[in-house]
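So the chains spell out like this:
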Amino acid sequence: MTGQTIVLADTPFPPTVDDFFPPSILPWGGDGQWFTKITLLLWLSVAILILYFLLSYRKPQLVPTKKQWLAESIYGFVRNNIAVDMLGTKNGVRFAPYLTSLFCFIFLMNLWGIIPYFQISPNSHIAFPIVLAVITYVMFIYVGLKRHGLGYFKQALILPAPWFIQPILIPIEFFSTFIVRPFSLAVRLFANMFAGHMLLLVFTLGGFAMIDANALLAPVSLISWAMTVALTFLDFAVIALQAYVFTVLTASYLQGSLAEGH
Amino acid sequence: MNVAEVVGSTAAIGYGLAAIGPGIGVGLIFAAYIQSTARQPESARITQPFMWIGFAVVEVLALLGIAFGIVWQATAPS
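Residue numbers (numbering that gives the first Met the number 0), protein chains in the order written: chain A, 0 to 261; chain B, 0 to 77.
So here's chain A without its partners, still in its complex pose:
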């Protein structure tokens, strides 16, 4: 992992967007190459998820082993508390596998943001949230079209309201359902991860900056580093929450597409 070791004390203090672009990893080496820490973490996340669920379900037992129990609890949590609660039993069970994969994937991708040594989440690059949001977007429109045919657009855009309010209501509904939804899904996940990483950087690098500036400020830099530890715990809460929120919102959009007409 040559080129990955960055000496924190030498990094200039106000952290910038450039700090989100780690250099490439050897042997592909050099800046501007494609194999960076972000790529590595993406592959690791996918590999860990596939292997974990395959291995824990390899020999399913009636009395589950520890590994099987954990995998079943994660699946059970998403299926019962998100999918079935919001979509009903039939559709909930149908969409539970996708929602579970989505939840686990986002959670793991976010978790890299606080695991020591890695400490950057691939989701702090907006490309990854955009792809996840596009999948949700295409899926809820497809499910709606399959369920209602072209009447889906009528159902989604025209709400029961007096006729004279419709000219205002229809553009607003269109804007909120077909433009704001995917955009806000992507930006929410991205900005949370970006802000989390930025906060950790500010307090870590700020500690070094204060020590360098003045010896009298050394105690303050200790406070700054203590804040980093505290913020790491806060970041964990945000990570779990964002994975949950993304999944719940996807389920809620599907619920809107599957709902009967007004």
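Don't read these hints as lab results, they were simulated from the structure. What you were told as hints is all true, and nothing was included just to trick you.
If we take Cβ atoms under 8 Å as the criterion, some of the chain B residues that face chain A in the derived model are:
id : residue
1  : P48
2  : A55
3  : E58
Reference excerpt, derived from the structure (chain B facing chain A, CB under 7 Å, subset only):
id : residue
4  : W51
5  : I52
6  : V59
7  : L62
8  : I65
9  : A66
In this text the structure is predicted, and so the values were computed from the model without any measurement. For every residue, glycine included, the Cβ atom is placed at its ideal position computed from N, Cα and C.
Mind docking chain B on chain A? Use the hints.
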């Protein structure tokens, strides 16, 4: 002679102002959830997903501030 000088981007002040609204909004959402749960504890599980949806929708306003700060960074006079 400069008596006092402040250096940096005004975007930081702007973001601070932008965060007031979502701050109040998120506070109201959790206050309403706690209140409804205190009145009817058995409704806690039913209303929980809606609380998170509302929270996410309000929170995105603050996060847009972060995103647009970066998007318009090049065009903003610093």
